[in-house]
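Position chain B with the ligands relative to chain F; hints supplied.
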Amino acid sequence: MAELVKLNINGREIQAEKGALLIEVARQNGIEVPAFCYHEDYTLQAACRMCLVEIEKTPKLQVGCTTPVAEGMVVHTESDVVKKARKGTLEFLLTNHPLDCPVCDKGGECELQDMVFRYGAGESRFVERKHHVDEKQWSPVVFFDAPRCILCYRCVRACNEGMGVGALGIGNRGVISEIVPNQGDHLECDECGACIDICPVGALTSGSYRYQTRPWEMDHVGTICTHCADGCKTTLGVRVDKIVRGNNRDRSGINNEFLCVKGRYAFDFVEHPERLQSPMLKTAKGHEPISWSKAISLIANKFGETVLAGGKFGVVGSNHTTNEENFFLAKFAREGLGTKNIDHHRTGDLATFFDALSGKPDSLASSGDLYNVKAVLVVGSDLAQQHPFLSFQIRANFRHHNAHVYAVTSGPVREDNQAIASVRVQKGGELAGVESQRDKLKAEVNLVIVFGDAIQGDALRKLVAFGDSLGIPVKYVCLVDYSNSRGAFDMGVLPRDGGLSREQVLAAADLDVLWVVGANPLKNAALASKKAFVVVQDLFLSETAQQADIVLPAASAYEKSGTVTNVCGEVQKLKAAAKVMGTKTDLEIFGLLAKEMGLNLGIWLPDKVFEEIRKTVHGYNVPLPIVATGGAAPTMPLNGRVAALPGSIASANDTLFTSGSLSKYSNVLNAVMESPGKLYGGEGK
Amino acid sequence: MAKQLFNQPSPLETMVLSKRFALEGSETLDVYLKNDGFKAFLKAKEMTPEAIIDEVKASALRGRGGAGFPTGLKWSFVPRTSPKPRVIVVNADESEPGTCKDRLLIEYDPHQMIEGILIAGLAVDAHVGYVYIRGEYRYLIEKMDRAIAEAYSKGYLGNNVAGTGWKFDLYTHSGAGAYECGEETALLDSLEGKRGIPRMKPPFPAVAGAWGLPTLLNNVETFSAIPPIIRDGGAAFAALGTPKNGGTRLVCISGHVNKPGVYELPLGFPMMKAIDEVAGGIPGGRKLKAVVPGGSSCPILTASECDIPMDYDTLAKIGSMLGSGGMVVLDETTDMVRFALRIMRFYQHESCGWCIPCREGTTWLRKILQRFYEGHGRREDISLLGELSKNMLGRTFCALGDAAAMPTISIVEKFTEDFERYLARETVAV
Ligand SMILES: Cc1cc2nc3c(=O)[nH]c(=O)nc-3n(C[C@H](O)[C@H](O)[C@H](O)COP(=O)(O)O)c2cc1C
Ligand code: SF4
Ligand code: SF4
Ligand code: SF4
Ligand code: SF4
Numbered sequence: 001m002a003e004l005v006k007l008n009i010n011g012r013e014i015q016a017e018k019g020a021l022l023i024e025v026a027r028q029n030g031i032e033v034p035a036f037c038y039h040e041d042y043t044l045q046a047a048c049r050m051c052l053v054e055i056e057k058t059p060k061l062q063v064g065c066t067t068p069v070a071e072g073m074v075v076h077t078e079s080d081v082v083k084k085a086r087k088g089t090l091e092f093l094l095t096n097h098p099l100d101c102p103v104c105d106k107g108g109e110c111e112l113q114d115m116v117f118r119y120g121a122g123e124s125r126f127v128e129r130k131h132h133v134d135e136k137q138w139s140p141v142v143f144f145d146a147p148r149c150i151l152c153y154r155c156v157r158a159c160n161e162g163m164g165v166g167a168l169g170i171g172n173r174g175v176i177s178e179i180v181p182n183q184g185d186h187l188e189c190d191e192c193g194a195c196i197d198i199c200p201v202g203a204l205t206s207g208s209y210r211y212q213t214r215p216w217e218m219d220h221v222g223t224i225c226t227h228c229a230d231g232c233k234t235t236l237g238v239r240v241d242k243i244v245r246g247n248n249r250d251r252s253g254i255n256n257e258f259l260c261v262k263g264r265y266a267f268d269f270v271e272h273p274e275r276l277q278s279p280m281l282k283t284a285k286g287h288e289p290i291s292w293s294k295a296i297s298l299i300a301n302k303f304g305e306t307v308l309a310g311g312k313f314g315v316v317g318s319n320h321t322t323n324e325e326n327f328f329l330a331k332f333a334r335e336g337l338g339t340k341n342i343d344h345h346r347t348g349d350l351a352t353f354f355d356a357l358s359g360k361p362d363s364l365a366s367s368g369d370l371y372n373v374k375a376v377l378v379v380g381s382d383l384a385q386q387h388p389f390l391s392f393q394i395r396a397n398f399r400h401h402n403a404h405v406y407a408v409t410s411g412p413v414r415e416d417n418q419a420i421a422s423v424r425v426q427k428g429g430e431l432a433g434v435e436s437q438r439d440k441l442k443a444e445v446n447l448v449i450v451f452g453d454a455i456q457g458d459a460l461r462k463l464v465a466f467g468d469s470l471g472i473p474v475k476y477v478c479l480v481d482y483s484n485s486r487g488a489f490d491m492g493v494l495p496r497d498g499g500l501s502r503e504q505v506l507a508a509a510d511l512d513v514l515w516v517v518g519a520n521p522l523k524n525a526a527l528a529s530k531k532a533f534v535v536v537q538d539l540f541l542s543e544t545a546q547q548a549d550i551v552l553p554a555a556s557a558y559e560k561s562g563t564v565t566n567v568c569g570e571v572q573k574l575k576a577a578a579k580v581m582g583t584k585t586d587l588e589i590f591g592l593l594a595k596e597m598g599l600n601l602g603i604w605l606p607d608k609v610f611e612e613i614r615k616t617v618h619g620y621n622v623p624l625p626i627v628a629t630g631g632a633a634p635t636m637p638l639n640g641r642v643a644a645l646p647g648s649i650a651s652a653n654d655t656l657f658t659s660g661s662l663s664k665y666s667n668v669l670n671a672v673m674e675s676p677g678k679l680y681g682g683e684g685k
Numbered sequence: 001m002a003k004q005l006f007n008q009p010s011p012l013e014t015m016v017l018s019k020r021f022a023l024e025g026s027e028t029l030d031v032y033l034k035n036d037g038f039k040a041f042l043k044a045k046e047m048t049p050e051a052i053i054d055e056v057k058a059s060a061l062r063g064r065g066g067a068g069f070p071t072g073l074k075w076s077f078v079p080r081t082s083p084k085p086r087v088i089v090v091n092a093d094e095s096e097p098g099t100c101k102d103r104l105l106i107e108y109d110p111h112q113m114i115e116g117i118l119i120a121g122l123a124v125d126a127h128v129g130y131v132y133i134r135g136e137y138r139y140l141i142e143k144m145d146r147a148i149a150e151a152y153s154k155g156y157l158g159n160n161v162a163g164t165g166w167k168f169d170l171y172t173h174s175g176a177g178a179y180e181c182g183e184e185t186a187l188l189d190s191l192e193g194k195r196g197i198p199r200m201k202p203p204f205p206a207v208a209g210a211w212g213l214p215t216l217l218n219n220v221e222t223f224s225a226i227p228p229i230i231r232d233g234g235a236a237f238a239a240l241g242t243p244k245n246g247g248t249r250l251v252c253i254s255g256h257v258n259k260p261g262v263y264e265l266p267l268g269f270p271m272m273k274a275i276d277e278v279a280g281g282i283p284g285g286r287k288l289k290a291v292v293p294g295g296s297s298c299p300i301l302t303a304s305e306c307d308i309p310m311d312y313d314t315l316a317k318i319g320s321m322l323g324s325g326g327m328v329v330l331d332e333t334t335d336m337v338r339f340a341l342r343i344m345r346f347y348q349h350e351s352c353g354w355c356i357p358c359r360e361g362t363t364w365l366r367k368i369l370q371r372f373y374e375g376h377g378r379r380e381d382i383s384l385l386g387e388l389s390k391n392m393l394g395r396t397f398c399a400l401g402d403a404a405a406m407p408t409i410s411i412v413e414k415f416t417e418d419f420e421r422y423l424a425r426e427t428v429a430v
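Line by line, the protein sequences give chains F and B.
Per the numbering used here, the very first residue in the first sequence carries number 1; after that it's consecutive.
Per the numbering used here, the very first residue in the second sequence carries number 1; after that it's consecutive.
By construction, these hints were calculated from the structure, which means they are not laboratory data.
One thing to keep in mind: the hints can contain errors.
Pairs of lysine-lysine residues, derived as DSS-like cross-links and limited to a Cα-Cα distance of at most 25 Å, are as follows [as the list claims (entries may be wrong)]: (1) F:LYS84 <-> B:LYS244; (2) B:LYS244 <-> B:LYS57; (3) B:LYS390 <-> F:LYS84; (4) F:LYS57 <-> B:LYS201; (5) B:LYS390 <-> F:LYS130; (6) B:LYS390 <-> F:LYS60; (7) B:LYS57 <-> F:LYS87; (8) B:LYS367 <-> F:LYS87; (9) B:LYS390 <-> F:LYS83; (10) F:LYS60 <-> B:LYS57; (11) B:LYS34 <-> B:LYS201; (12) B:LYS317 <-> F:LYS57; (13) B:LYS201 <-> F:LYS18; (14) B:LYS143 <-> F:LYS130; (15) F:LYS87 <-> F:LYS130; (16) B:LYS194 <-> B:LYS167; (17) F:LYS57 <-> B:LYS390.
Chain F with its partners taken away, still in its complex shape (with noise of 0.2 Å):
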């Protein structure tokens, strides 16, 4: 237990951790000490003097954020002097602001306009010419424009700290100095905008919203990132119906501050112009639009024929769709067609690993656990490529708890600049990698290991059995590639009780019919029969699409609710945040077939089928109001031993700026020149 002290804020008495920061210590107590420079993440750097206050007994003002409270004290945050100072402070800081609120895209949201209204002068004194520089483009996404910088080093230190990247320095001194970007010129970094979120004033925009609207005319919509697996809450900003912008300002969610760039520029695939907007029929001509209900009864009778003359079906789920979707889906072929030829692309073991972990409770890593653990072993992964935010909760635990890092890779990764041990292996070797740090391992208190497709199989077992030779509580997280990479084999699109995989499916030259939702399967393989009817429900017309008989255009995850489940088996929750016209969303899609087909698969409402998944899925009996409220339900899909499963499992090697078909229809993404990225600092897609 740390000791307590006794202190005196504003005649108010209040109890602290000694050693506790002033700032902090006001703050919880409801006491508002104003600050730019001080953010609770990152180092400390009392440079802009907005939270002076009063201490007695001490001479002259003493800033908040650096004071440490001691037994004793007696401070006041609103007395006279501490009012003059703050209006002093603001008074200086507007004299070369440009005060161009009225076009500034952070007006209304500003944090300096919020302080000069709540503590600033009515008028200001300052008559001369104020210094004035150009405004810079870094990046396809960051502007710079450095008369509104208030140098509050946030960003230098989100990019340096936060992100790891480092990318931000301050040049020249005094007015003149400015935030400065590595390249002289311009930016080379992982573009993920984190500078520009947390950048208090408009100094620092962003080339995807940037006068696209005011931030009073958006609708604000908390969803989930649809690229990787890692499920960062974030906040779309949609002007009638068109994102505009994605952030997570409000800190909501697993991810904090925390975006990569593809959660907060990539949702721009959404009004590509080649988005699909009508179901399609293959002709001689070409794919030729046809009606939903024409398209719906076209698939309903064809799926009829085959199930009542015994045909094979082939199905192959989807990454990216909403548990409720991948749930209906599975259902609908074991029930509605009898098959149990369902798939989808598996990128991570999990059979295996639940397998392995049948009967070890609490042995699945939440992505809270990466902070807060001890020890992190990361075997066989570029995380700050492939799982930008476990990269930044890693760095974030180094910098505020300093754990210990591990790093088992087969080549250079950023996890090496925490890492007490890196340990360079060839594809392959490690597990001999991981065997090496075995004493160092030992001596620690408790450990996640974090492991890519490099670990499966028998690997998987052996990684597992080291795990629990160590003798401490080590928990795990199995990478896998999307959005909902960990949903889809939750809900069951796999080729269980000997079902065909999916090279299976597409290998079987008497298949009679392939289902595609949301997957890619053609792009890199040939479909084997040459009967089969080919169904793909997609956003655009992917190398799978072109093949189809039936093309239905789906609704992205921007589009739809439902929920979806992160790499750390974390259930979070859809919003829709816009539609556009002529999609459908999957589950949809599913009902009306099913109802044309006369199933009767339940009710095809996300909310419903979701009640049910909580029902009969192991582990995602989890509390609705935590889900229901954008906050994310660990699940616990052990369950006894789980039978092994034919097919290949491969990692897509996505990098920070690709996002498997996807990325091909954001502009962001192939706009960056860091696009489309390495993985290992070399070998990439």
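Below, chain B with the ligands alone, put in the same frame as chain F:
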């Protein structure tokens, strides 16, 4: 032919630190050794560290870099038994307008300073030192490097200092042209190769300084005073000055005097005597208007305030400081608006920009003064100058903000009529 000196010495000086300045070859180790050199080190080598520090305390020596912190006390803060090695840093960034004494100590008697550093090394058990020299003093860096090389070659630096078997290494490091890098923690960042921005205190450099190691940092003159103190005893040095204000200091007298120069005067020396007799009085028999007592950051004194002994406590009593020993004498022809502008230009240019009140405050003040000087002053500007300075005072990250605010407040308050005159002129001229 006699040696060309910076200025002719005055018979009124008490030459302790500067006693070798006039000797031919005073910058060489040979001349130094022939004139008391390294006696103090050999004596200190036989003393306990505690005894060395006690001797420095007894000398009542106060830091000559500007803040006047008692040197012996500072030395006692350095954790001598810490498992981390200790580092000695010499502040030779001398950039305060009006101050030009450290350069003479390095130019004319570098080995005296080296000996002082070595004694400090004995006192805090340090074996490495860095002399951080103002970048504009390029020629001095060369001179210092030459002195260091000579000391190494003759066995007064390196693995066997003066044959005692004790080890010490000394290096020079060039500043890059920033006044702020004279501030001790900004200096340390700069020494480490970073941008010169002051650090948060605590931890103080004594505990975590250069590269996080316990660091003893003093001014050139402070280190140079150590050999005489150890050689002749702290009490003897103290006796040269007044109680709690031990010894002599190098006073740099510039401005409107007949014989500007650097003079070594005991603490407590009468200010008017320094102006009239040591520095030869004001040219043309003009009247004294004001004195900047210790470098441009010190509040200015009016002529009537100058009849005082020059020691830390007296200056503090009348609301100013002895600072870094840069005394600027201003006669009745001085335009105080122009003078205030000159000072503020300096601080505005030198503000590192880290904190808002200094960065924006110095700029705003400079702009107002510039406008005033160009004849576009407004009556309300006079009070505004004072109010803005007070909004900076005590609220900035480091003392540079205060250094800019203090003289400005004193000039505006004490010489309001100079500003008034500008207002009157505007009505005629514009
Ligand atoms: C803005 C600023 C500039 C300074 N410049 C110098 C300098 O050039 N030389 C110096 O010795 N001290 C300078 N100082 C004082 C140092 O911070 C420090 O107090 C001093 O070097 C300590 O040495 P001393 O105890 O021997 O005086 C400066 C302080 C400030 C705030
Ligand atoms: S976009 Fe991200 S990586 Fe790039 S400078 Fe900003 S914070 Fe750093
Ligand atoms: S750009 Fe924004 S975040 Fe960065 S220093 Fe300037 S005001 Fe602060
Ligand atoms: S880390 Fe993954 S989930 Fe988070 S924003 Fe990036 S792509 Fe989206
Ligand atoms: S007062 Fe602030 S801006 Fe001025 S030099 Fe010190 S830290 Fe830099």
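Each hint tested on the structure:
1. F:LYS84 <-> B:LYS244: violated (38 Å)
2. B:LYS244 <-> B:LYS57: Holds, at about 10 Å.
3. B:LYS390 <-> F:LYS84: Roughly 11 Å between the alpha carbons, so the hint for LYS390 (chain B) and LYS84 (chain F) holds.
4. F:LYS57 <-> B:LYS201: holds (19 Å)
5. B:LYS390 <-> F:LYS130: holds (22 Å)
6. B:LYS390 <-> F:LYS60: holds (12 Å)
7. B:LYS57 <-> F:LYS87: Violated, at about 44 Å.
8. B:LYS367 <-> F:LYS87: Satisfied, since the Cα-Cα distance of roughly 20 Å is no more than 25 Å.
9. B:LYS390 <-> F:LYS83: holds (14 Å)
10. F:LYS60 <-> B:LYS57: violated (29 Å)
11. B:LYS34 <-> B:LYS201: Judged against 25 Å, a Cα distance of about 43 Å means the pair is violated.
12. B:LYS317 <-> F:LYS57: holds (21 Å)
13. B:LYS201 <-> F:LYS18: Holds, at roughly 19 Å.
14. B:LYS143 <-> F:LYS130: violated (44 Å)
15. F:LYS87 <-> F:LYS130: holds (19 Å)
16. B:LYS194 <-> B:LYS167: Status violated; Cα separation ~28 Å.
17. F:LYS57 <-> B:LYS390: Roughly 20 Å between the alpha carbons, so the hint for LYS57 (chain F) and LYS390 (chain B) holds.
Hints 1, 7, 10, 11, 14, 16 from the list above are not met by this structure, while the remaining hints are.
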